[in-house]
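Here the protein sequences come in this chain order: A and B.
Mapping of the first sequence onto our numbering: residues -4 to 356, in sequence order.
Mapping of the second sequence onto our numbering: residues -19 to 301, in sequence order.
Please keep in mind that the hints were generated in silico from the structure rather than gathered at the bench.
Virtual Cβ for every residue (Gly too), placed ideally from N, Cα, C.
Be aware that a few hints might be false.
Per the computed footprint, the stretches of chain A lying under chain B, defined by three or more beta-carbons under 8 Å from a beta-carbon of chain B, are [what the hints assert, rightly or not]:
1) 5 to 14
2) 86 to 95
3) 186 to 196
No more than 27 Å apart at the CA atoms, straight line, and that leaves these computed lysine-lysine pairs for DSS-like [unchecked claim]:
4) Lys88/B / Lys150/A
5) Lys88/B / Lys83/A
6) Lys39/A / Lys214/B
7) Lys188/B / Lys(-12)/B
8) Lys39/A / Lys188/B
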Amino acid sequence: MANMAQAIRMALHYGEEHLGVTDIFGEDVGPPLGGVFTATQGLKTTWNSPLDERGIIGAAIGLALAGQKPVAEIQFGDYIFNTIDLLKLAGNTYWSGNGEYNLPMVVMTNVGAGIHGSLYHSHSFESMASHIPGWKIVLPSTPKDAYGLMISAIKDPNPVMYLYPKMLIRAKGEELIPGEPEDERELRRMIDAPIGATLYDVIEARDGWQPSWPEGLTDYSIPIGKAKIVREGKDLTIVTYARHVILAREAAKILENDLGISVELIDLRSLYPWDRETVFASVRKTGRCLVLNEDTPVTNYGEHILHHIIDNCFYELVAKPRVLAGADVPAIGLSAVLEEASVPQIADIVHEAVAITTEEP
Amino acid sequence: MDKKLKLKILDIMITARCMEERMAKMSKSADAFFWLGGVGEEAFNVPLGLLAKVGHGLDYDFFHFHYRNGSTMVAMGMDPMDQLRQTHNRATDPFSGGRNFCNHYARKAWNVVPVTSTIQTQMSVAPGTAYAQKRHGGDGVTVVTFGDAGTAEGDFHVGLNWSTIKDRELPVLFICTNNAYGISTHYDEVHGQDNLAQIAAGYGMKTKVIDGNDVEVSYEALSKAYDYVRKERKPFFLEAMVSRLHGHSSSSGGNRIPDGKEPDCLHAWRDKLVEQDLITREDYDRKYQAETRRMLQLLEEVRKEPAPEPGDIYNYIFASV
Ligand SMILES: Cc1ncc(C[n+]2csc(CCOP(=O)(O)OP(=O)(O)O)c2C)c(N)n1
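Using the sequences plus the hints, can you model the full thing?
Quick look at the structure:
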């Protein structure tokens, strides 16, 4: 099965060929590297930008104003913070001109901890992003969703922020993307650029290299704003997204097998707009809920979800609903001990789930 | 410059001046919450608009304007009534539907992208339209305008850098209208260069510094600069020294500065054309008074137009898929 980087690459390829993508650019996005996480290898519209995040977002806005369809990458979500006023401008361009200019642009960047990335390769950005109106925000947790959400992001005539979890970039999928070859070694041979021991070797190995894209790729898309019920359950709803879908799934197995607690797990996939109906229906069924993510806890996006759960499902709740988020600290430390103390782990999720499900009304 | 053009420029300068004077007055009454504009930049900004290739799409020029380009818009063909509509925040304001300050244009039909209040961010955005134009071919250029103080922002360097990459130079006409002040801070207090073109020159682009109060100097320099960018598909940096005749904005009063403190380019052009016997002083006064009256009449019409509805805030947040 494809990993998330390959899935994104295939979706971008489909976007260039069929959906009018004109520019895929950012730091080290073009040849020879094709992205520090390989997500842009072998594509035909990629180019390397200056090391300048404000310039990248600005150029994407300009390209979109000029009728192009750019996909801009910020190399790490940790370095997107200095672009916030440009992101705000992108988000208010359509509104400010009373509908004169809409901006069909995608900004992709990776977020979250889990790769022992220390202070500046571990940031979350989704809560901050949700304070920038005018953007749609998506976060895939599987390669197949990564493909489908990228196709939707490209098709959308508005700015879309595509945040993908660093931790999951190399994780293989469990489901084939439509058109993906069944044999993953075959896929690697087709679309992974040759490697080399040093940059010089990479350049030499890739000289003249062309990917051979799977022919059957489709415009398989995940609608923006549609959540997925990852597993059904009856005792507790866990609402999460991105990397924590994977951790919550592990926690759910433990809860089921060891404690007989049945968890319904929802992967939001989109944070703006978000799938209120799927969440509310589940909470009404289970009466108990945990909103889970790894962003810092103050003005956390999970609080927004919780607020709406309380507003809409208050009388169906049988236990205090909770948010489990990252620790209230300035950043993630390098040591595994520090990182694990900062970001909710499987044991923390189990602990919280037990507390909610054993609480008596 | 032939006689016809000289008179045409004078007429546009008068219209733009009377429009802005009316706007400044509006900000002193319930007609407007705010004024800022380009009174004192007309000698430069009118030719900037007259020499532009105005239309929609990549074959035409793109404009990333500063908030002092009213006379450029008039030269491009804007009906002053539209500017009064925006100043009076009417629903009929074609640039923002009553949402934005005056001089914050957005007109897709002319490639005028939304003017933003965030100083200098247009320098980070301009390379995007220029990049698309260069790839497209043709002779369309990207025009980006800004003041002197804003060049201290990082975005200034973003624009210069992205436009001068080897073999990927971009067709951008950088226009700095240097009025020697930010809001109140003087140039000398915050810059170490004799002029800002020196910084641009360091990026390897052609530059020129001119007296932006002189119509003929401005017209000639702009013709050459536009021409260079159109043909060479490379950037050019033009710095025009201009006046600021009503101060920074209505926040600093919006009042006319004392006579003699800074040159008035409209008066200078008037006197020159009188001297050349192209007009009489009486012709000028008549025109000026007629335009002043016309702006008031337009405002009276605009006052009758509807204000936005509360529900309008929800329009145009997302374009439909
Ligand atoms: C990013 C940003 N910082 C501060 C301001 C407030 N502000 C508005 S105009 C201005 C001065 C701008 O001076 P200059 O760039 O020389 O342009 P001028 O107004 O003189 O044409 C300032 C500080 C702003 N609008 N945007």
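Status of the hints after comparison with the structure:
Counting residues of the stretch 5 to 14 of chain A whose C-beta sits closer than 8 Å to any C-beta of chain B gives 0, which falls short of three, so the coverage hint is violated. Proximity of the stretch 86 to 95 of chain A to chain B, defined as three or more residues with a beta carbon under 8 Å from a beta carbon of that chain, is established by the 8 residues found. With a threshold of 8 Å between beta carbons, the proposed coverage of the stretch 186 to 196 of chain A by chain B is violated, since 0 of its residues qualify and at least three are required. The suggested pairing of Lys88/B with Lys150/A holds, with an alpha-carbon distance near 21 Å, which does not exceed 27 Å.
A hinted pair counts as satisfied when its Cα atoms are at most 27 Å apart, and Lys88/B with Lys83/A qualifies at roughly 20 Å. Restraint check for Lys39/A and Lys214/B: the C-alpha separation of about 25 Å stays at or below 27 Å, so the hint holds. Between Lys188/B and Lys(-12)/B the CA atoms are separated by roughly 26 Å; this keeps the pair inside 27 Å, and the hint holds. Distance restraint check for Lys39/A and Lys188/B: the Cα-Cα separation of roughly 39 Å exceeds the 27 Å cut-off, and the hinted pair is therefore not satisfied.
In summary, the structure is inconsistent with hints 1, 3, 8 from the numbered list given earlier, while agreeing with the others.
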